[in-house]
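Visitor: Now for the letters of each chain:
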Amino acid sequence: MAQEKPLTEAIPLDGQALSLRGYEQAGGYQGLRRALREMTPQAVQEEVKKAGLRGRGGAGFPTGMKWSFVPMGSDVPRPKYVIANADEMEPGTFKDRYLMEGNPHQLIEGLILAAYATQADVAFIFIRGEYRLAQERLARAIAEAHTAGYLGKNILKSDFALEMILHVSAGRYMCGEETGLLNALEGKRANPRSKPPFPPVAGLWGKPTTVNNVETLVNVPHIIAKGFTWYQGLSRSKDYGTKIYGASGKVKRPGLWELPMGTTIREILEEHAGGMREGLRFRGVLPGGASTDFLVEEHLDVPMDFLEVQKAGSRLGTGTMIVLDDRTCPVGMTSNLIHFFAQESCGWCTPCWSGLNWAKQILAAMEAGRGKPVDIDKLSFQTKFLAPGNTFCALAPGAAEPLQSALKYFREDFERHIREQRCPWK
Amino acid sequence: MLTVAEREEIEAELARYPTKEAVCIDAMKIVQRHRGWVSDESVRDIAELLEMSPADLDGVSTFYNLIFRKPVGRHVVMVCNSVSCWILGYEKMREHLTKRLEIEFGETTADNRFTLLPIVCLGACDHAPAMLVDNELHTDLGPDRIDQVLEAYK
Ligand SMILES: Cc1cc2nc3c(=O)[nH]c(=O)nc-3n(C[C@H](O)[C@H](O)[C@H](O)COP(=O)(O)O)c2cc1C
Ligand code: SF4
Ligand code: FES
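Going line by line, the protein sequences match chains A and B. The numbering used here puts the first sequence at residues 718 to 1143. The numbering used here puts the second sequence at residues 10 to 163.
Be careful, since some hints might not be right.
Okay, the calculated beta carbon distance ranges per label pair [to be verified]:
{"id": "1", "chain 1": "B", "residue 1": "100", "chain 2": "A", "residue 2": "1087", "range": "16 to 22 Å"}
{"id": "2", "chain 1": "B", "residue 1": "153", "chain 2": "A", "residue 2": "742", "range": "38 to 44 Å"}
{"id": "3", "chain 1": "B", "residue 1": "83", "chain 2": "A", "residue 2": "1125", "range": "44 to 50 Å"}
{"id": "4", "chain 1": "A", "residue 1": "732", "chain 2": "B", "residue 2": "83", "range": "37 to 43 Å"}
{"id": "5", "chain 1": "B", "residue 1": "100", "chain 2": "A", "residue 2": "743", "range": "40 to 46 Å"}
{"id": "6", "chain 1": "B", "residue 1": "53", "chain 2": "A", "residue 2": "744", "range": "48 to 54 Å"}
Everything labelled a hint here was simulated from the structure, so no lab data went into it. Even glycine gets a Cβ: it sits at the ideal position worked out from N, Cα and C.
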């Protein structure tokens, strides 16, 4: 049987956006019709829960459960909000841009369904400033959805109403962290907020707010239109549905592929990405963006789902892999990653901003041939301080992941930099 | 002083948000669209319009990558320096750009044509290396492609 690719099969191959008409012909807005016709908001939540959909923004939180934390009924604080997190600034991640540029209405329908399920009044799409094409296409699609009666008052003649606002951000990695995002939307610096309270209870302007990743949301119309049993059947693992996997680095065919959840790293890299470029060997991979631990050759048969990647010592993260080859310096790559995290740290917690800046300097010195034998211990020491529990948000633990795993798997490369007082790759 | 056009655009945004402060980033982007950058004077004018303290707005303005608090050239070149582009030759690309334009990151060419800045991952990692010119994406770059792309921005 041909593999189903519900999230991407309708996306035109010529780089254009799928039109409203094209989306409707492919079954678009049928999920919304079904929900408004025959399902209560709780029933929509329940369907998504049973489907086992987990957040695709990096943390893998169960989506239906997140929605069930939103206070419901007539005497709750209003307006309630839903937000599509389209900040996508995790280095190595490029899936949400493709989903938005290719099929903007699919995101809009997913967000309307999230709003219906949580009885929200206002929806935001929070998109990074650099994604100009996606912004243009979403703005047009939102206007079309209004005209067609999918947004505004009395949606599809029901008594459900929703306004949708496209908010274009001004750029900073921290805007993607969900409470940093809320501050950015309120016109503040994107520092994270202390939790609890969690956003579903007290979020944007103190009102109940649900934040979901773009890829998470585009799954929802299909789950509601076709049911959770169908959805579970798409997967090869205990985490359900399909996943947009990606590969960048020196593979033959970098790109994105929608595949059953649980496809192995080997299958993605060898069959879909075409293996390594001529003359290069695979050395390692960050499986889910910059803030995930390196995996190496012994892990190639690990299925890419939340559970199995975690068992292997890393995280599925965003599912977009960055491949390290044998002619690229692992110390240089780690240095580039830590430079990014140090630069994007908001400066709130000492272990994060001071620890990352220190690690950045040590790594830069090593690359420049000025490494000292104690540096390896100093770096390992820093990863302990950056670990979960010591900082206000997940940026610091995320930064520790590539560093600690590079020290584990590529230790001889670090030692060689120090011994030879130079980068052997330069 | 904000121009009438700037003021009208900012006021249109105000209708969409429950607080004035929420519009401040958009307001700075509006001014930047008209003038190329956001001066101290503009910060004061926007703060006054939105009933914020200029110090608070200044704090916000310096937090975000895409708000320019210094004058920029006619075109802004933003080069991705994140990991996938680094693997695919970011260093060479940077060398080529700084040599060709005869400026370093953060600087503007003498003829005021280009400002050169680094930027984080542009979500084009499968077509690395990548850069933006005036927020337009250019990918799969090598020295020749870079020269071609720059020629189009006068
Ligand atoms: C520093 C940082 C940056 C983040 N950036 C993003 C992002 O760009 N997009 C995203 O969807 N989630 C991002 N997240 C995760 C969000 O905080 C949040 O978990 C996610 O949007 C929830 O959506 P989901 O449950 O649908 O995955 C980031 C987290 C951290 C700590
Ligand atoms: S961990 Fe880093 S980015 Fe997160 S709040 Fe602390 S200083 Fe800011
Ligand atoms: S790393 Fe340069 S576009 Fe993603």
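Visitor: Each hint needs a verdict: does it hold in this structure or not?
Guide: Verification of the supplied hints:
| no. | hint | in the structure |
| --- | --- | --- |
| 1 | B:100 / A:1087: 16 to 22 Å | 19 Å, holds |
| 2 | B:153 / A:742: 38 to 44 Å | 42 Å, holds |
| 3 | B:83 / A:1125: 44 to 50 Å | 48 Å, holds |
| 4 | A:732 / B:83: 37 to 43 Å | 28 Å, violated |
| 5 | B:100 / A:743: 40 to 46 Å | 44 Å, holds |
| 6 | B:53 / A:744: 48 to 54 Å | 53 Å, holds |
The structure is inconsistent with hint 4 alone, although it conforms to all the rest.
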